[in-house]
Amino acid sequence: MKIKHLAKLFVILSVILVLVFVVSTVVSAIQYRTALNSAPFWVFILVHAATYLFPALLLLIAAFFFRKKGDKK
Numbered sequence: 061m062k063i064k065h066l067a068k069l070f071v072i073l074s075v076i077l078v079l080v081f082v083v084s085t086v087v088s089a090i091q092y093r094t095a096l097n098s099a100p101f102w103v104f105i106l107v108h109a110a111t112y113l114f115p116a117l118l119l120l121i122a123a124f125f126f127r128k129k130g131d132k133k
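Numbering follows the numbering used here, with no gaps: position 64 of the sequence shown is 124.
Careful, some of the hints might be misleading.
The list that follows gives simulated cross-link-like pairs (lysine-lysine, DSBU-like), each with its CA atoms no further than 35 Å apart [said to hold, decoys possible]: (1) K68 with K132; (2) K62 with K132; (3) K128 with K62; (4) K128 with K68; (5) K129 with K68; (6) K128 with K64; (7) K62 with K129; (8) K129 with K64; (9) K132 with K64.
Source of the hints: derived by calculation from the structure; they are not laboratory data.
Please work from the sequences and hints to get the whole structure.
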């Protein structure tokens, strides 16, 4: 039973990370000024994706792994 709770927690954390990615990207888009930033905006999106979406994907994979492991018992 504890494994299923851990899987649910991982899914919730994954969703939170995706929401934080969306919010941080929108905030960066609002604050982005071409004259002030030397990097193109897609670089900022890539950094946010590496920061938030990659861990969210890992948590989601772990959640499915734990859910399958919990179903076998």
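Status of each hint after checking the structure:
1. K68 with K132: Distance of about 17 Å is within 35 Å: holds.
2. K62 with K132: holds (13 Å)
3. K128 with K62: holds (13 Å)
4. K128 with K68: holds (12 Å)
5. K129 with K68: holds (13 Å)
6. K128 with K64: Holds, at about 9 Å.
7. K62 with K129: Between K62 and K129 the Cα gap is close to 11 Å, so the pair holds against 35 Å.
8. K129 with K64: OK: K129 and K64 at ~9 Å, within 35 Å.
9. K132 with K64: holds (11 Å)
Hint check: no violations occur; every hint is consistent with the structure.
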